[in-house]
Amino acid sequence: MPALVEVVSLAIGLIFDGDRNLYEIVALSLRVSCSAVLIGAALGLPLGALLAIRRFPGRGGVITVINALMGLPPVVVGLFVYLLFSNVGPLGWLRLLYSPAAMIVAQTLLVAPILCALSRQTLADLNREYDEPLRALGVSGWRRVATLLYEGRHALITVGLAAFGRAIAEVGAVIIVGGNINHVTRVMTTAIALETSRGDLALALALGLVLLLIALAVNAGAGLLGRSLRVSGDD
Amino acid sequence: MTEPRTAPGGMALTVRGLCFETGGVRILDGIDLDLGPAGCTAIIGFNGAGKSVLLRLLHGLLTPTRGSIHWDGAPAAQARRKLALVLQRPVLLRRSVAANIRYAMAVRGVPRAACDARLDKLLAEARIAHLATRPARVLSGGEQRRVAIAQALATAPTTLLLDEPTTGLDPAAVIEIEGLIDRIRSEGTRVLLVTQDPGQARRLAHDIVFLHHGRIAEHTAAAAFFTQPHSEPARAFIVGNLVP
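Line order of the protein sequences matches chains A and B.
The first sequence begins at 1 in our numbering and counts up one residue at a time.
The second sequence begins at 1001 in our numbering and counts up one residue at a time.
Because the hints were derived from the structure by calculation, they are not lab data.
Please read all numbers here as calculations on a predicted model, not as lab measurements.
Wrong hints could be hidden among the right ones.
[To be verified] Ranges between beta-carbon positions, derived for each pair:
id : chain 1 : residue 1 : chain 2 : residue 2 : range
1  : A       : L213      : B       : G1023     : 55 to 61 Å
2  : B       : R1089     : A       : R227      : 24 to 30 Å
3  : B       : P1037     : A       : T158      : 48 to 54 Å
4  : B       : G1023     : A       : P90       : 47 to 53 Å
5  : A       : G141      : B       : G1188     : 56 to 62 Å
[Said to hold, decoys possible] Looking from chain A toward chain B, a few residues come up when the C-beta cut is under 7 Å (computed):
id : residue
6  : D131
7  : E132
8  : P133
9  : A136
10 : L149
The C-beta atom is built at its ideal place from N, Cα and C for all residues, glycine as well.
Bound conformation, chain A alone (with noise of 0.2 Å):
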């Protein structure tokens, strides 16, 4: 117990004293993270608009495969990204493995059909409420589009902040090609597992405590955001 209690005050220390190396971990984290939604509800929100609105031959086939992608294992992810960046593959020119841009390409691999299977549904489900008020208005196309966005906001930041929390949390796509090199491709989850698997508890655990406040922190953010909404003329 004695050691716990040391452990979770060297942890706190760590957080509170700035610790370089701390900080470094968790921007690089953030920063490959965030990019990954980014880049994921790019592709993901129009898809996900598309086939909540489009009727077309195959639409039912493609979303089954959307919503199975959901459940990737980001090892497989990771896998198939390394194959992709490495020497032997297609990409490989890029010379891609073992950076950040590598971590952010597996990350978006697994939040785009997030974004894009969760964003349809909400999507879908605002296109049969306000179906008959937007034709009444003459409204088509991609302005329908981005009203049905902009409507499905308070979900749509939700499917966000889902699609953060499964990149933030995920460790084993990023470890297989980002490599978790120090001071270049080292994030929280894997710097977690490293520590811990050194003995070097207080760093992982005050880790783990910052990762906690960010999820805190985010989702509070958006509890903000949603009341500024509200109060701002939103219902």
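Dock chain B against the given chain A, drawing on the hints supplied.
Same frame as chain A, but now just chain B:
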């Protein structure tokens, strides 16, 4: 009286042989109808008579199975920009009242600079200026209907189609909505109104289209309809009898 929103004057309507079927059920059957470009027409009838379907067909939201609809000689699809439809249960956007009305103006390409003056006019006309910054979807039913009408007027229609605009509202809200409809009509906008309330049709309409089982049973001046209805269903409707 507020100043007119747009140049007054509605469109004349010509409907020939209009039929609408869905799921193997014929909802409307052989509708022929001629309406002039001004005034207020009430489309009335019992539940399931096909009133709301007829209104959606006239607006172009639905496509007829057979027959034709022309507004001032143009097919309904081409006339849609001059038509506005207010649904029975308005679904407003998750925005403020003002933002809902601005949205309709943006859809019609009203320049941003012209929006503010026009917004103020519409808010005043619908008597919802005090609600401008309120979230539209938390308003009362009557207030939401007035917002929906103001939103429809923001598209500068010459003809306004209203589907049961006061159903489920208390008398005070009904008076507000009927006053607004009357002002809209008096400013030159053609009004087509679907209602199940004979009293409302009597108060607002110049002529009555009585639908029964998907057909026009009567189309006559309002005064004549309420004093000398020709058909038994129309008589039953006026006095409030139940008809199977």
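- Range agreement (Cβ of G1188/B with Cβ of G141/A, hint 56 to 62 Å): Roughly 32 Å apart at Cβ, these two residues miss the hinted range, so it is violated.
- Query: Does the CB of L149/A sit less than 7 Å away from some CB of chain B?
  - Reply: Nearest chain B Cβ about 12 Å off; hint violated.
- Has the hinted range 55 to 61 Å been met by the Cβ atoms of L213/A and G1023/B? Given about 56 Å between the Cβ atoms, the range holds.
- Is the interface hint for P133/A satisfied, with its Cβ closer than 7 Å to some Cβ of chain B? 5 Å, holds
- Interface hint outcome for D131/A [beta carbon to chain B under 7 Å]: 9 Å, violated
- Is the gap between the beta carbons of R1089/B and R227/A within 24 to 30 Å? 28 Å, holds
- For the range 48 to 54 Å, tell me whether the beta carbons of P1037/B and T158/A fit it or not. 50 Å, holds
- Query: Given E132/A was flagged as interface, is its beta-carbon under 7 Å from a beta-carbon of chain B?
  - Reply: 6 Å, holds
- Message: If I claimed the Cβ atoms of G1023/B and P90/A lie 47 to 53 Å apart, would that claim hold in this structure?
- Response: Since the Cβ atoms of G1023/B and P90/A sit about 51 Å apart, the hinted range of 47 to 53 Å holds.
- Task: Report holds or violated for the interface hint on A136/A, using the least CB-CB distance to chain B and a cut-off of 7 Å.
- Result: Holds, about 4 Å.
In the structure shown, a violation is registered for the earlier hints numbered 5, 6 and 10, in ascending order.
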